[in-house]
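Each protein sequence line maps, in turn, to chains A and B. Mapped onto our numbering, the consecutive letters of the first sequence carry residue numbers 1 to 185. Mapped onto our numbering, the consecutive letters of the second sequence carry residue numbers 1 to 297.
Derived by calculation from the structure, the hints in this document are not laboratory data. From a predicted model like this one, the values you see are computed outputs, not experimental measurements. A couple of the hints might just be wrong.
Rough simulated footprint, nothing fancy, chain B against chain A, three-plus residues with beta-carbon under 8 angstroms [as the list claims (entries may be wrong)]:
(1) 26-34
(2) 45-54
(3) 61-73
(4) 102-109
For glycine and all other residues, C-beta sits at the position ideal for the given N, C-alpha and C.
The residues making up each chain are set out below.
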Amino acid sequence: MAQLQFDNSAVLAEKIAADAGVTLSDCYQCGKCSAGCPMSASMDIQPRQAVRLLQLGMADELIRSRMIWLCASCHMCVDRCPNDVDLPALIENARYQAQRIKLCAVPEVGKFNDIFMENVKNFGKSQEVILEGAYNLLSGNLLQDMGSVPHMLRHGIIGPEIRAVREREHVRRMLTEAEREDEGC
Amino acid sequence: MLRYAYYPGCSMDTTGVTYRISIEYLAKKIGLELMEIPDWNCCGASSAHAKGKWQALALPARNLAIAEKRLPGLDICVPCAACYARLLAATVAIRESAETRSRIEEITGVTVKANANILTLMDVLGTEEGMAACAAAATRKLTGLKVACYYGCLTSRPQAITGIENIESPELMEKIVSLSGVECVDWDFKTECCGGSHQVDAPTAARPLVERIFRNAKSNGAQAIVTACPMCHLNLDMREEEINRKMGTAYDIPVYQFTQLLAVAMGASAKEVGLQKHFYPAFKRLDRTLRKAGTLQ
Ligand code: SF4
Ligand code: SF4
Numbered sequence: 001m002a003q004l005q006f007d008n009s010a011v012l013a014e015k016i017a018a019d020a021g022v023t024l025s026d027c028y029q030c031g032k033c034s035a036g037c038p039m040s041a042s043m044d045i046q047p048r049q050a051v052r053l054l055q056l057g058m059a060d061e062l063i064r065s066r067m068i069w070l071c072a073s074c075h076m077c078v079d080r081c082p083n084d085v086d087l088p089a090l091i092e093n094a095r096y097q098a099q100r101i102k103l104c105a106v107p108e109v110g111k112f113n114d115i116f117m118e119n120v121k122n123f124g125k126s127q128e129v130i131l132e133g134a135y136n137l138l139s140g141n142l143l144q145d146m147g148s149v150p151h152m153l154r155h156g157i158i159g160p161e162i163r164a165v166r167e168r169e170h171v172r173r174m175l176t177e178a179e180r181e182d183e184g185c
Numbered sequence: 001m002l003r004y005a006y007y008p009g010c011s012m013d014t015t016g017v018t019y020r021i022s023i024e025y026l027a028k029k030i031g032l033e034l035m036e037i038p039d040w041n042c043c044g045a046s047s048a049h050a051k052g053k054w055q056a057l058a059l060p061a062r063n064l065a066i067a068e069k070r071l072p073g074l075d076i077c078v079p080c081a082a083c084y085a086r087l088l089a090a091t092v093a094i095r096e097s098a099e100t101r102s103r104i105e106e107i108t109g110v111t112v113k114a115n116a117n118i119l120t121l122m123d124v125l126g127t128e129e130g131m132a133a134c135a136a137a138a139t140r141k142l143t144g145l146k147v148a149c150y151y152g153c154l155t156s157r158p159q160a161i162t163g164i165e166n167i168e169s170p171e172l173m174e175k176i177v178s179l180s181g182v183e184c185v186d187w188d189f190k191t192e193c194c195g196g197s198h199q200v201d202a203p204t205a206a207r208p209l210v211e212r213i214f215r216n217a218k219s220n221g222a223q224a225i226v227t228a229c230p231m232c233h234l235n236l237d238m239r240e241e242e243i244n245r246k247m248g249t250a251y252d253i254p255v256y257q258f259t260q261l262l263a264v265a266m267g268a269s270a271k272e273v274g275l276q277k278h279f280y281p282a283f284k285r286l287d288r289t290l291r292k293a294g295t296l297q
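I would like the entire structure built from these sequences, with the hints used as guidance.
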């Protein structure tokens with residue numbers, strides 16, 4: 001069902017803009033966003049181009065891009081935009097639409113987010129040890145940051161104990177509810 | 001009175017431990033009462049807002065609701081920049097739209113008004129009362145130490161929500177940290193991003209963000225970087241040696257939480273602010289500064 005929407009990339013572009021509360025014609029393509037973006041060097045599509053794609057009704061290209069996952073949500077672009085175009089909101093909504101069709105062009109980022117939220121759902125709090133460990137396992141980057149572990153153990157920065165919310169059932173319930181709501185968006 | 005509801009956030013018990021203990025030290029010294037929100041949960045940073053709008057709003061909303069009920073009338077102090085951004089975003093969303101608010105209440109099953117203000121620890125200490133209390137307690141000076149105050153993105157951006165005036169070059173951290181006697185250098189990367197969780201899940205793309213922060217601080221004469229966030233601190237402190245090794249650079253810049261410098265100026269020992277827990281050696285620079293300034297007890 002969700003698939004249907006993508007038959008029309010132009011409609012999807014409008015939806016992304018509407019959900020983000022952005023008027024696409026506000027952007028006059030000056031490129032200030034790309035110039036200030038700290039992640040731009042690694043992006044396949046530059047922030048300015050992301051808006052252009054939506055203006056042209058080519059949302060499919062945006063949701064397939066790596067840029068929406070590499071964006072660090074730092075909000076530099078919107079703060080420097082002469083027209084207050086909320087690019088991070090556009091990118092966020094492009095991610096939501098990508099997820100609807102199980103698309104994530106930078107799978108490591110998607111995995112990190114999944115494990116993070118799974119953790120919060122289970123314990124109510126984020127467990128850095130589980131997060132890092134599970135992430136390394138699932139992403140195949142087994143030894144990443146392992147050099148830091150002895151230091152962290154020695155100084156009690158990380159430890160085996162689980163920190164959980166007492167009412168963790170409440171957190172789980174509301175997250176399940178929120179997920180349902182998000183799917184409907 | 002310096003009394004606030006307190007949201008520490010998940011990192012405070014682990015990678016943010018030096019931040020936590022230095023906050024506790026100085027709070028005791030200046031009579032700052034931080035009332036922890038009972039049974040608080042994760043704010044959702046850095047992933048909930050990538051997964052879905054309502055997930056990103058529901059998590060902070062539960063914390064706001066508990067604070068309203070159990071600690072009524074108190075503003076909420078949030079020392080972690082990422083948590084601050086999430087709690088603030090939820091507060092703004094709830095205040096702005098009755099529809100959003102009732103949707104959130106349906107999802108969370110609790111009532112939430114979001115009438116408490118969300119403040120960073122810098123906001124709290126930067127008040128007239130906070131400044132006066134810190135000034136009175138900071139008796140030994142770290143004179144001669146040149147630092148670059150690094151705010152990161154999340155305490156200041158987006159400007160439409162934080163309302164910070166001089167977004168490219170805020171001055172609040174400088175104002176507070178100067179009470180410890182340090183000299184704050186002028187530099188360009190105060191509100192640039194450290195890469196956040198991308199240092200873990202997209203390291204190749206994100207590492208340069210850290211490198212250029214060190215580069216700019218160094219070229220502007222800083223001997224240390226000062227942060228106000230557990231994630232910014234970890235991303236800089238843990239990556240410095242790796243960057244030197246891999247990129248052939250020679251950065252020699254310890255990274256301190258601004259609260260560590262204040263606590264040391266208030267008399268804290270190296271251990272009391274966790275200097276031995278840093279990845280990049282952090283003890284010598286402060287020790288030397290105190291000896292030179294003649295203020296080591
Ligand atoms: S800075 Fe604003 S107006 Fe300029 S290209 Fe980027 S989004 Fe468009
Ligand atoms: S919010 Fe994303 S697109 Fe905008 S400047 Fe930051 S990383 Fe770049």
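Hints and how they fare:
Taking a C-beta to C-beta cut-off of 8 angstroms, the segment 26-34 of chain A contributes 0 residues in contact with chain B, too few for the three needed, and the coverage statement is violated. Here's how the segment 45-54 of chain A fares: 0 of its residues keep a CB closer than 8 angstroms to some CB of chain B, so the rule of at least three is not met and the hint is violated. Counting residues of the segment 61-73 of chain A whose C-beta lies closer than 8 angstroms to any C-beta of chain B gives 4; at least three are required, and the coverage claim holds. For the segment 102-109 of chain A, the stated coverage by chain B is satisfied: 3 residues place a CB nearer than 8 angstroms to a CB of that chain, which reaches the threshold of 3.
Hint compliance for this structure: hints 1, 2 are not met, and every other hint is.
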